[in-house]
Amino acid sequence: MAISANNYSKALFNAIHDDETLNKVRDDFSEVMESVRNVPAFHDFISNPKISRDERKAVVENTFKEVEKPLFNMLRVLSDKGKMTHIESIYEDFIKLYNAHFNQAYVTVESVYKLSGEELDEIGKTFIKKTGLKKLLIENEVNEDLIGGIRVFIDTKVYDASIRGQLNTLKGQFKAHANS
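The sequence shown runs 1 to 180 under full-length UniProt numbering.
What the hints contain is simulated information worked out from the structure, not anything from laboratory work.
Possibly wrong hints are sitting among the right ones.
Claimed, not checked - Restricting the straight-line Cα-Cα distance to at most 30 Å, the calculated cross-link-like pairs of lysine-lysine (DSS-like) are:
hint	residue 1	residue 2
1	K57	K81
2	K175	K157
3	K81	K96
4	K96	K83
5	K24	K96
6	K96	K129
7	K69	K134
8	K125	K157
9	K114	K134
10	K130	K171
11	K24	K134
12	K171	K157
13	K114	K129
14	K157	K96
15	K157	K135
16	K10	K129
17	K57	K10
Please put together the full structure from these sequences, using the hints given.
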């Protein structure tokens, strides 16, 4: 179903022709996802074969009628085709397209203590230079297992400047040397 989610997210993205609308759709889509995640019965409702397609479509239309038109149209199509169960994957793919469009990425910085805004800004500046991205959306997570230093996750890349990472590298080098 990943191909289908990707197709829907691309279709939504391509239906939007200006950055202002793109930002509004992203905001609306985030609110839609928050609503979907906060209603535990949503998944059961949209996947229940006893509820007619027309009933499901009417609920989706009434619930999300205030969102931007391209998003509303996609939600109607998803509902009509019985694909609303894949909305999470579609949202994730859409956010990837959105971030690529604006040359930005979500970043997780792990550290042994909560970093200050200034420290995160400095890390952000360093990784903007390193990656060539325009903007980094940084989240800080405390991980005391690092012993010291930081570990930075950008998409699928990991930059490990932690003491734990350095110890693991040394350990690997010792093992390689001992085995040779």
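Status of the hints after comparison with the structure:
Our distance criterion of 30 Å between C-alpha atoms is met by K57 and K81, whose separation comes to about 9 Å. In summary, the hint linking K175 to K157 is supported, as the alpha carbons are separated by about 25 Å, within the 30 Å threshold. With a C-alpha separation of about 24 Å, the suggested pairing of K81 with K96 holds against the 30 Å cut-off. A threshold of 30 Å between alpha carbons decides the hint, and for K96 with K83 the separation of about 20 Å falls inside it, so the pair holds.
With a C-alpha separation of about 16 Å, the suggested pairing of K24 with K96 holds against the 30 Å cut-off. The suggested pairing of K96 with K129 holds, with an alpha-carbon distance near 21 Å, which does not exceed 30 Å. The hinted pair formed by K69 and K134 meets the criterion: a straight-line CA distance of about 29 Å does not exceed 30 Å. Between K125 and K157 the alpha-carbon distance is near 17 Å, which keeps this suggested pair within the 30 Å criterion.
Straight-line distance between C-alpha atoms of K114 and K134 comes to about 24 Å, which keeps the hinted pair within the 30 Å bound. In summary, the hint linking K130 to K171 is supported, as the alpha carbons are separated by about 27 Å, within the 30 Å threshold. A hinted pair counts as satisfied when its Cα atoms are at most 30 Å apart, and K24 with K134 qualifies at roughly 20 Å. For a cut-off of 30 Å, the pair hint linking K171 to K157 stands: about 22 Å separates their Cα positions.
At most 30 Å may separate the alpha-carbon atoms for a hinted pair to count; K114 and K129 meet this at roughly 23 Å. Between K157 and K96, the direct Cα distance comes to roughly 15 Å. Compliance with the 30 Å bound is thereby established for this hinted pair. A hinted pair counts as satisfied when its Cα atoms are at most 30 Å apart, and K157 with K135 qualifies at roughly 16 Å. Straight-line distance between C-alpha atoms of K10 and K129 comes to about 29 Å, which keeps the hinted pair within the 30 Å bound.
A C-alpha spacing of about 22 Å is found between K57 and K10, which places the hinted pair at or below 30 Å, so the restraint holds.
In this structure, none of the earlier numbered hints is contradicted; all agree with it.
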